[in-house]
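S.K.: From just these sequences and the hints, can you work out the full model?
Residues per chain, in single letters:
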Amino acid sequence: MSAPSPSAPLVEEVAQQPSRNQGAAALAAQHGLTRIGGRPRLSAYLKDLWQRRHFALKLGSSRAYARNQDSFLGQLWAVLTPLLWAGVYLFVFGVLLKTDRGVENFAGFLVIGVFLFRFTASSISAGAKAITGNSSLISSLQFPRALLPIAVVVAEFVALLPELVVLAALVLVTGEPVRVQWLLLLVAVGLQLLFSLGVAFIVARAVAEIRDVGNLIPFVIRALMYVSGVFFSIDHYAGGGLLGDILTHNPMAIYLELGRASLLEGQSVGLDIWAWGAGFAVVTLVGGFLYFWHGEEKYGRV
Amino acid sequence: MSDADAGLSLIVDDVHVKYRTYGGRRRTADSGPPTRRSRLAQHVGAVDSVHAVRGVSFTAEHGESIGLIGHNGSGKSTLLRAIAGAVPTAGGAVYTSGTASLLGVSGALMKNLSGERNVTLGALALGLTPAQVDEQRDEIIEFAGIGEFADLPMKAYSSGMSARLRFAISTAARPDILMIDEALATGDAAFKKRSQQRIDEIREHAGTVLLVSHSMSTIRRSCDRALWMDHGRLLQDGPVDEVVDSYLESQA
Chain F
1 MSAPSPSAPL VEEVAQQPSR NQGAAALAAQ HGLTRIGGRP RLSAYLKDLW QRRHFALKLG
61 SSRAYARNQD SFLGQLWAVL TPLLWAGVYL FVFGVLLKTD RGVENFAGFL VIGVFLFRFT
121 ASSISAGAKA ITGNSSLISS LQFPRALLPI AVVVAEFVAL LPELVVLAAL VLVTGEPVRV
181 QWLLLLVAVG LQLLFSLGVA FIVARAVAEI RDVGNLIPFV IRALMYVSGV FFSIDHYAGG
241 GLLGDILTHN PMAIYLELGR ASLLEGQSVG LDIWAWGAGF AVVTLVGGFL YFWHGEEKYG
301 RV
Chain U
1 MSDADAGLSL IVDDVHVKYR TYGGRRRTAD SGPPTRRSRL AQHVGAVDSV HAVRGVSFTA
61 EHGESIGLIG HNGSGKSTLL RAIAGAVPTA GGAVYTSGTA SLLGVSGALM KNLSGERNVT
121 LGALALGLTP AQVDEQRDEI IEFAGIGEFA DLPMKAYSSG MSARLRFAIS TAARPDILMI
181 DEALATGDAA FKKRSQQRID EIREHAGTVL LVSHSMSTIR RSCDRALWMD HGRLLQDGPV
241 DEVVDSYLES QA
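Order-wise, the sequence lines are chains F and U.
Under the numbering used here, the residue at position 65 of the first sequence is numbered 65, and the numbers go up by one with no gaps.
Under the numbering used here, the residue at position 127 of the second sequence is numbered 127, and the numbers go up by one with no gaps.
Derived by calculation from the structure, the hints in this document are not laboratory data.
Where a beta carbon is used, it is the ideal one built from N, C-alpha and C, also for glycine.
Be a bit skeptical, because a hint or two may be false.
Claimed, not checked - Simulated coverage check for chain F against chain U, where a stretch passes if three residues somewhere in it have a Cβ under 8 Å from a Cβ of chain U:
# : segment
1 : 27-33
2 : 53-67
3 : 141-147
4 : 286-300
Said to hold, decoys possible - Quick partial rundown of chain U residues pointing at chain F, CB under 7 Å, derived from the structure:
# : residue
5 : GLY7
6 : PRO88
7 : LEU113
8 : PRO130
M.R.: Right under this line is the structure:
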């Protein structure tokens, strides 16, 4: 091996040293080089994440936009899709099955449930693929991987916004008065957003570690849909006792209840339900983020 | 970058890369004839680990252009990904003077979206700020030479056009270390010339260029030093003509 380039002897030197890591580290320090890869400290990671936030926002909103762009009506589908879903669910559950027992404004009740549940359910199922479904992006560019679950939730949130407009219109049509409490919907959705992001972090890493977890997620989401009172009043069906308490206090049931109480005059919740909603949001987000960050150095390997 | 003249821009120290792959398992010679169990392992538990880079060490200087050669599967692309920090190393360390960018923004792009939107998305993915993106958007589109196609979705582009756009976006960030994986093979003669100019420009600004190519003429033209990789190991490191000659000899 010839050594014409001035750097080549350094290679030899480094390679021959038994403690080569120290030699390379010293050489790197001498030339002002920094080591790349591995898991950065939490503070550095958060800072990096904040600096790159525009990418996550753009990636998420672009995905939501691209979803509708492949048709003639294009972005009109952002509004048409929720309208059609509302029609289907009202027909099935309001006209055919009549699950409206114990509910005053069933149309409003049902549509709020369907839209808010869809937001979290899609965040979870897309979040599960946030790492494994983006291997080409991960293996070619270096960025804090937490941006990927964030982008997933951003995309679902962008899809939720026109749904909320449809929701407000529908609730007005069904005769609900416009009240100041409507603003609480933003708080409720905000808490639900944080919760969904936390879950997206958890499932993104879990599926990256063990792919098979991804195969289980549809079942969890389906079960969650039936126990959270999307189509019917959970209070009416859950009954009393411990099981009833657990059903009515699962995070999705809480967020649906908060959303309904904000928009519908006939539904009200106590402060305890708000406390539950805030608690679930904070605990899930912080726990989920720490869990995801802890696996940061592994994500490029799948 | 205080000592940009003689300073090192990159140290690759005994780097190993392993990755896990789902969907199949290798049948090695020493595992004997296929048994019922080994056949089953192709369908259930079909996970395997590939040791793609096995202890590579080299250093690079500011302004240097290095070609990576070797047969398919020798670990060249994986090594670049490890240097870019995109693929975690299983052992060893990589030290760089600044941003190391792989000419591989394609993972961030969406074929349903217009070229212009993809420029924004890709540039943000590379770490540019929104202000820098606004500043450079027109220049990137012009360099890519996609003209009126900028408003059409990328799926309508010819393969040459999308390759040009990817090159234009990837080099817009002016990274300290630019890594190119077989990108110059695409594009027409005029674009090849322009991309060569862009690479020279990056080198002049004290950047380092790493180029993977199977075209020995491209390597000879663009690089002054070459690394020959074989089965995940570094076989030879030296001036480009010397290494390319011995590589070609081994192929004959």
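S.K.: Hint by hint, which ones does this structure get wrong, listed from lowest number up?
M.R.: none
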